[in-house]
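Asker: For reference, the chains in residue letters:
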Amino acid sequence: MFEYAPAPESRDIVDIKPSYGLFIDGEFVDADTSFKTVNPASEEVLAEIAEANAADVDRAVAAARRAYDGVWSRLPAAERAKYLFRIARIIQERSRELAVLESIDNGKPIRESRDVDVPLVAAHFFYYAGWADKLEYAVRDPRPLGVAGQVIPWNFPLLMLAWKIAPALACGNTVVLKPAETTPLTALAFAEICRQADLPPGVVNIVTGAGETGRALVEHDGIDKVAFTGSTEVGRQIARAVAGTGRRLTLELGGKAANVIFDDAPLDQAVEGIVNGIFFNQGHVCCAGSRLLVQESVADELLDRLKTRMATLRVGDPLDKNTDVGAINSAAQLEKIRMLSEVGEKEGATRWSPPCELPDRGFWFAPTVFTGVAQSHRIAREEIFGPVLSVLTFRTPQEAVEKANNTPYGLSAGVWTEKGSRILWMAERLRAGVVWANTFNKFDPASPFGGYKESGFGREGGRHGLEAYLQ
Amino acid sequence: MTDRLSVRKTYKLYVGGAFPRSESGRSYAVNDAKGNFLANASRASRKDVRDAVVAARKAQAGWAARTAYNRGQILYRVAEMLEGRRDQFTEELRATGLAKNAARAEVDAAVDRWVWYAGWADKIAQVTGAANPVSGPFFNFSTPEPTGVVGIVAPDGPLLGLVSVLAPVVVAGNTAVVVAAEPAPLPAVTLGEVLATSDVPGGVINILTGHRAELAPWLASHMDVNGLDLTGAGEELAAECEKAAAENLKRVLRPAGNDWTADPGTVRMTTFLETKTVWHPVGV
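Going down the list, the sequences are from chains A and B. Numbering follows this note's numbering, in which position 348 of the first sequence is assigned residue number 348; successive positions increment by one, without gaps. Every position in the second sequence, counted from 1, becomes a number in this note's numbering once 1000 is added.
One thing to keep in mind: the hints can contain errors.
Straight line, CA to CA, 27 Å or less: simulated DSS-like cross-link-like pairs of lysine-lysine [stated by the list, open to error]: (1) A:K403 x B:K1123; (2) B:K1047 x B:K1058; (3) B:K1047 x A:K134.
Label-pair ranges, simulated between beta-carbon atoms [as the list claims (entries may be wrong)]: (4) A:D300 x B:T1197: 53 to 59 Å; (5) B:E1236 x A:R422: 48 to 54 Å; (6) A:E428 x B:H1211: 36 to 42 Å; (7) B:S1135 x A:D300: 47 to 53 Å; (8) A:E428 x B:E1083: 46 to 52 Å; (9) B:E1236 x A:G372: 36 to 42 Å; (10) A:E428 x B:R1021: 45 to 51 Å; (11) B:T1197 x A:E301: 42 to 48 Å; (12) B:P1281 x A:K307: 39 to 45 Å.
To be clear, the hints were calculated from the coordinates, so they are not data collected in a lab. Every residue, glycine too, gets a C-beta built ideally from N, C-alpha and C.
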């Protein structure tokens, strides 16, 4: 491996305040209690964040309702569109700052926040801005739902915010959004962007907090729609809470995607796809290709090449432009990854990681691959949500399909083969909302994203993404 | 001379293409609108629900794998056979209290609705699918696919209501387990007889008669059911079933004020469709 000199991105561009309030009705307001957000790469405390209680959530929902009734639902659609275009432009203008802030708060490499997250955020607002005054071309009799309560995860903090807020606003709804407790900073920067765009107060409200804040929001009588991205377990609880209320619901939940490599696949390209599939964003990706299904005849060769490639991954400072794998987002998540990896060893799979020096402070986990994995192993069934790949083999295409679909999840899948008819044959049979053929982990605002089975329901992105926010 | 003694029909369940009695051996009396005894209908049990789900699961992949054109043809054939039984259905609806003209109109509307949905088989993918203009060298397209096995709590409208909830579920490749209208289940059983003599493969549509409040929760909590249409469930039962359905995140169609004469739109189909998006690089 080549030695690289450090190439750190400067953090001077961000100005993190010592404390942040809740963003309600266009103003930052204090709350009774607060929590700390830390940099997972150094464990340094970044800021004190207000923790919204039920009364704060009440105020936010009331503000969203007033904004919906008084302003947003009366605004001509073309004007709504222009607000969203403005927001998209400001995001582009502040892209460097947002990327650095995201990497500091989340731990993801600056290369990803700069080249993937933030450009997709701007693109998402730009895409849905254009829909706002064209909804009648997408659905019959488009009518907004009202106030949406939205809860998002910590793996793509600003991107998940964009996926939630852009279509909701384009369709004429107002929102109360709760960012994840470990990654609130870019959502609060977004609140500032709403002010810069002169977005009417109350159209976007941001309530920071943990699980209790989220519960108060999704169970609030004053909202018409719940949108959640996160774990399947919490998704289930939300579905139960929403049952019988008539509130609309979309859920984007966990996954355990199969990445299927046939013997005729271009192996070097496949290796890049496997690496991108499981080590992108430290594996904190619900659609990560966490189960590698490789055809037996090429398994040894592929694994050799994969291990060689893994040895070149640079793990470390998220702000270093050479970094491939950043910090695990939290101590709790690191603990979960460690626990499941230990279970993998105990259940008989063989564990391997490249030699890899990890920083002393912060939360780190070396890229890891398990071979000799059986379908019954927990590391083949449960979402690890970390840089851990489980390798299984197959002989026939039928066996590949059966193994790939042998999971309660159904968010994504990958297929690698040079044979076009086999790609389409596989794509038809894989029970997953997104199928990447000879590629992996690609996202686009025009492309619908969402799961089958216990990976949730509803789609985000594309024309389909509008349906979640219209009657 | 005495009048000829009529041969009465035994109304049974329709599961996996066969007509079993409830495994429980139970039945319940179905009366006409005036309170006179009409027939004993099978009172299905939890075990019958489970058998029906097994039959529906077994049939699902094959039904979904048929061409859309073929599914449309098969469903249109069902409409042809319904048309041939208009008099029988009209008599059965009259027994539920409808006047002759109203009964006849409902039968006609039910046949027409079945034809309408049959025609959707090879069009729904064009209306709900898309080629997506992603920003990069990729071809990207989205297509609808059936959710899988769908449980249906049918509404009281014993024929038009039943057809209006059943046809949209199966036209796109799902298979169904239907809990028929509790007070007037006989037209549903007759529909089963139509299906059994049509080309609809056994197991694609399974019809249970019995008590909604007893059967619906088992459908709602069944881990091999993917979708749940609660149109015929009362408010309390619907809430209970929706909660149970959360366990494996079923797609749920909630009851809403149903006017069976209105334009149905596509929502009864799209609720039980999954959108699959496929990416492939473009290059030489």
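Asker: Check each numbered hint from earlier against the structure, then list the numbers of those it violates in ascending order.
Answerer: Result: hints 1, 3, 7, 8, 9, 10, 11 and 12 break, sorted rising.
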